[in-house]
Amino acid sequence: MTALLEARHVTRIFGGGFFDRSSTLALDEFSLALDGDRPSIIAVVGESGSGKTTLGRLLLGLTTPTRGQVFYNGRDLQKMSRAGWRAFRRDVQVIFQDPYGVYNPFYRIDHVLTTPVAKFGLATSRAGARTLIDDVLRAVGLRPEETLGRFPHQLSGGQRQRVMVARALLLRPRVIVADEPVSMVDASLRATILASLRTMNRDLGISIVYITHDLATAYQISDTIVVLYRGSVAEAGDVELVVKRPQHPYTQLLLSSIPLASPERTWMTESATAPTAPREAIETGCKFAGRCPSVASACREMPPPRFQTDRGRAVACYLYRGAPVLTEGDPWPRRSR
Amino acid sequence: MLSVRDLVVHYDTPLGRVKAADRISFSLRAGERLGFAGESGSGKSTMALAILRMIKPPGRIEAGEVRLDGQNLMTLNDEDMRRVRLAGIALIPQGSMNALNPVMRVKEQIIDALRDHGVRLSGRERDVRVRELLQSVGLRADVADMFPHELSGGMKQRACIAIGISLRPRVIIADEPTSALDVVVQKQVMETLARVQENLGASVILVGHDMGLMAQFVDRLGIMYAGKLIEVSPVREIFTRPLHPYTRMLIASLPSLEEKGTFRGIPGLLPLLRDLPPGCAFHPRCPHTVDRCRTEVPTLREVRPDGSAACHLV
Amino acid sequence: MRADYLARRFAVFVLIVWLAATLNFFLPRLSGQDPVRATLLQQAQLGGYVQSGLEAMVKEYEHRFGLDKPLWVQYVTYLGDVSRFNFNYSISNYPRTVNEIIAEAIPWTVGLLGTTTLLSFAIGTLLGALLAWPGAPRWMRLLMPPLWALHAIPFFLLGLILMYVFAFRVQLLPMFGGYSAGAFPALTLAFAGDVLAHAILPALSIVLVATGGWALGMRGMMVTTMGEDYVTFAEAKGLMRLTIFLRYCVRNAILPQTTALALALGNILSGAVLVEVIFGFPGVGTILFHAIRENDHFLIQGIVFTVIVALGVATLILDVLYPLLDPRISYRGA
Amino acid sequence: MRYLRRNPSLVVGIVLLSALALFVIVGHFTVDTSKSRPLSAPAVRAPSAEHPFGTDRQGRDLFATMVAGTPLTLRIGFIAGFLGVGIGAILGFVSAYYRGTVDAIIRGIVDIGLTVPGLLVLIIIAVSLRRGLTVDQMAIIVASLAWLNPARTIRAQVLSLRERGYVEVARLSGMSGPEIIFKELMPNVLPYLAATLVNSVSSAILASVGLEVLGLGPIDSPTLGMTLYWVNFNAALINGWWWWWAAPIVIILVVFLGLFFLTVGLDEIANPRLRRAI
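Residue numbers (this note's numbering), protein chains in the order written: chain R, 1 to 337; chain F, 1 to 314; chain Y, 1 to 334; chain X, 1 to 278.
Rather than coming from a laboratory, the hints here were simulated on the basis of the structure.
Don't take every hint at face value.
Just some of the chain X residues that point at chain R, by a computed CB distance under 8 Å [to be verified]:
| hint | residue |
| --- | --- |
| 1 | ASP111 |
| 2 | ARG162 |
| 3 | TYR166 |
| 4 | GLU168 |
| 5 | ALA170 |
| 6 | LEU172 |
| 7 | PRO187 |
| 8 | ASN188 |
Cβ atoms here follow ideal geometry from the backbone N, Cα and C, with glycine treated the same way.
Same shape as in the complex, but just chain R (with noise of 0.2 Å):
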């Protein structure tokens, strides 16, 4: 059973050109499957730098891997013809982060609904296009006489991140890569969209990756969740598992890190861990080791490989060496069956 979309051993890495010596690992060796007849939501938590928008923008297209292949329903991207490349614009879309940017301030926010209907021909009739375009706003809980025909100037971050996500909808894609939807969005607007997140999943049967850095947002909404550190995963899997249980100790030191809404005071006892070395050079072994508090002398040799330690989740740490070894072809993370 082939993968939707799938992200097979990919590396990416910036910079190194002739001039600039210092090349930043983006992504190291890094696979995701999508399985496409059970539509889910897959979360990818990460600090900044973790690569976790790179992965973003290789899965869309937008970036070539350094190594490693991006598959669309079988067929390496690298090498797909033009038709090949306008199904896969369809059926895989975007939500980007900044509300701010997206529209380009000359034309009404109306270019960006009317545009992808043009291009893909997702309407015989004007009127056609019209309804279509109706329906999905109000999918997202905005009335269209009060939103079509306005700049995006006029319109608030949350009305037009809403736009945004109205557009992905509009295509009626297989695979949404939302990357930071609702960071720039204010918290009580942050749950309409996450919840239209939500609907269009169970109803559409849309894929979604959800690459954020907010683990409780993460918790939220998505089925599985992908914990990357510096290009490398760290822990992947089912996301009761890993937010009620983690196991990598970065995990645990996300997790312990984020200030909680609740009258408890739990954050601010516990001492701070050790002071964030600077960015060493990346040394060989585990990428987390500098910072890790139960490093061991394994931990520097080799980078650790994934430990499937539950039905539902993997780890790559050493402290997890007892637990069977994820061969090579097995794309994370494998969901429970």
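Mind docking chains F, Y and X on chain R? Use the hints.
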């Protein structure tokens, strides 16, 4: 320590007059951590800048009093106000801003603050002072000779904290100090701020939108909406028994790590500050609106010991 | 990282020099026939005032270039000559070589151009900074409109107007030349005074126009810099107005201003050539003017090459100095 | 129209240039431009009713010369300016949008080209092509270097726009490269394009007048630059024939001031620092 009475700040823009802060009043006790939470456009940053009298045209401080240890800062001339800044009230800038001068070393940016406040130190004493300040915020001594672009986000913020406490201020205003910082670095920066506050015995005003951060850091919390202060209570009570409907819905809209599917958004849109709805600004989105809410602007009044709210139904 | 940055800037400089030489060699050949032969024939027909040395000159050039050799051989020999700064003989004043003539003119141009550019840059930048600073005196505002208008017109135009008003009408300053006709160039105070008097008008016509440009540029940069976060934080630190103005605003706004200086050198020089011609100032410009009139190819090529190389050196110096102003540059490369 | 009141420099620019246009048009009706050729009027006459701008040593009626010469100089400016911006914009767009080696090459040429003083290179070209230049040839020569600056400014502008989100949204909405350039980038670049165009026309005129003053222009045509050349050639200043150079100077002043204020006005439209929306 610090009391603010009926502070009003307006911005005159080509699209009309914007009431960014409208009759804000509160008092800050010695050593207390007071938080102000609010979404974008709620006027929280404007209020913080107004306390330091740093509102630039087209903004203007219309009215209001800010008393530090009894002295009204609004009546001071520019020179005296300049001396109060950093010595009396220090500002920690937003995490996302590049608040450090890109072409000056960290050491020089600490020293020029000391010098302009009349602190005369010999070369050696100065270096000792800089090293102490950096160590007190968890930075290595060699950071002194580094330029801002050589520091990580977290280190830059800690350098700003070092500058902030260099004259042992009585009040520290932190305006979204950890915005755009990763959650792990955010925790270290906030712990530094807490430790430094305890050593100085200063009080802290924390302005921000991250309710979780407020819950874990501040003692008392004020909620702001559309330029007005609509609730002030001890932080534990805000999360257990919120008074104002907006506070209740805001807390309900926060994604929790405990159980799934419990969070839902607040319907409607944030009001535009230049044409606010009549009466209570929240009434178009409030589920319990009554006629009075549409006509009469509710005033902030004490509803329970140490807890006040601006709502007719409370 | 520093070495890498310097190496790249030097490579650019060498490229400029090579480009200048190539332009000089190929452009004249664009018109099909060899310019040297064409000029010599013209010279002969005209019975130019250099009657005697004509035959010797033809033999010398024939031998020098070996006109039958293929183009690239000529090109290589030409490059060889150029690298040794040898531009052989000037046609219009045969016994003297091009290098001699240029060497005489260079101090004048460097003197005029160097002083006026630095002067206008300093005054303009200072003025621009003060104009943007609210604390600056009120009357400064009145300076803006005239500076704006002056900046629009070319140097030589202002030169003509100044010459008419001060030299012709008021006869306050000498109108023409680098020094009085009778005076003999010597290192005496009197002669220096004479030179200065002659240089005032050309210098003024450059400075008045250029200063406006720098002031406008600096004011724009200051306005943007004053909106930066680090200036707001500097205010919150309770720094004195002067400290904020100098160490935070001007110190940062000066960076793009110096880059603009490096880019503007070319235009300033083009303008200055015309000013020299108008005032007959004995700099490189006037010599170029006469060389054009006399159709003296080698002198023209010599001057153009030297000027481009001189500008290349100036730009290189500015590029080398820039990292001292902006620490970020040397850190991560240009 | 209301907008113009808020943008004074644009108004000043337009007023100056339209005054100039008026002068040329009215001139064409009131004077026989053939009198701009030498020996068509008594030499060296001060301005009088018959010769409003006086005459020069070669017997040209200066009023006719100005009326005939101004459009020629403007013609050179516009041809070179438009050519320069045309080529420059294309190169700017291509190198900024498609990046890669193309960008590196174009950027290299532009950076080096700008450090070289344009006038000198033009001199070399002009000297080599000395056989009877026409006005249009002059324009081509000036245009050969006029594209450098527009290429740099347009490239910088497109580079900053290219990173904006809406370019990627457009690509993901199925738009092709050229379509994105015309539909998404072009509208936002137009104000800059206009300002750069006026600027390059102005520098083209400066370059052409400069060449003509040095005697490298079309010898027999009555352009403003050539008039200045003869002024200098005949040392009109010393001989006190003030009217000979007053006319060209005033007109050139009006041309440059007009174009300058037009550029500033267009700049204002391109990045309205003033328009602040809360």
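For each hint, the structure was consulted:
1. With a cut of 8 Å, the hint placing ASP111(X) at the interface with chain R is violated, because the nearest CB-to-CB distance is about 14 Å.
2. Using the Cβ-Cβ criterion of 8 Å, the hint placing ARG162(X) at the interface with chain R is not satisfied: the shortest such distance is roughly 12 Å.
3. Interface restraint check: TYR166(X) against chain R, minimum CB-CB distance 4 Å, threshold 8 Å, status holds.
4. A cut of 8 Å between beta carbons decides the hint on GLU168(X): the least distance to chain R is about 6 Å, and the hint holds.
5. Checking ALA170(X) against chain R by beta carbon gives a least distance of about 7 Å; that is within 8 Å, so the hint holds.
6. A hinted interface residue such as LEU172(X) counts as satisfied when its beta carbon comes closer than 8 Å to some beta carbon of chain R; here the least separation is about 5 Å, so the hint holds.
7. The closest approach between the C-beta of PRO187(X) and any C-beta of chain R is roughly 4 Å, which is under the 8 Å cut-off, so the hint is satisfied.
8. With a cut of 8 Å, the hint placing ASN188(X) at the interface with chain R holds, because the nearest CB-to-CB distance is about 6 Å.
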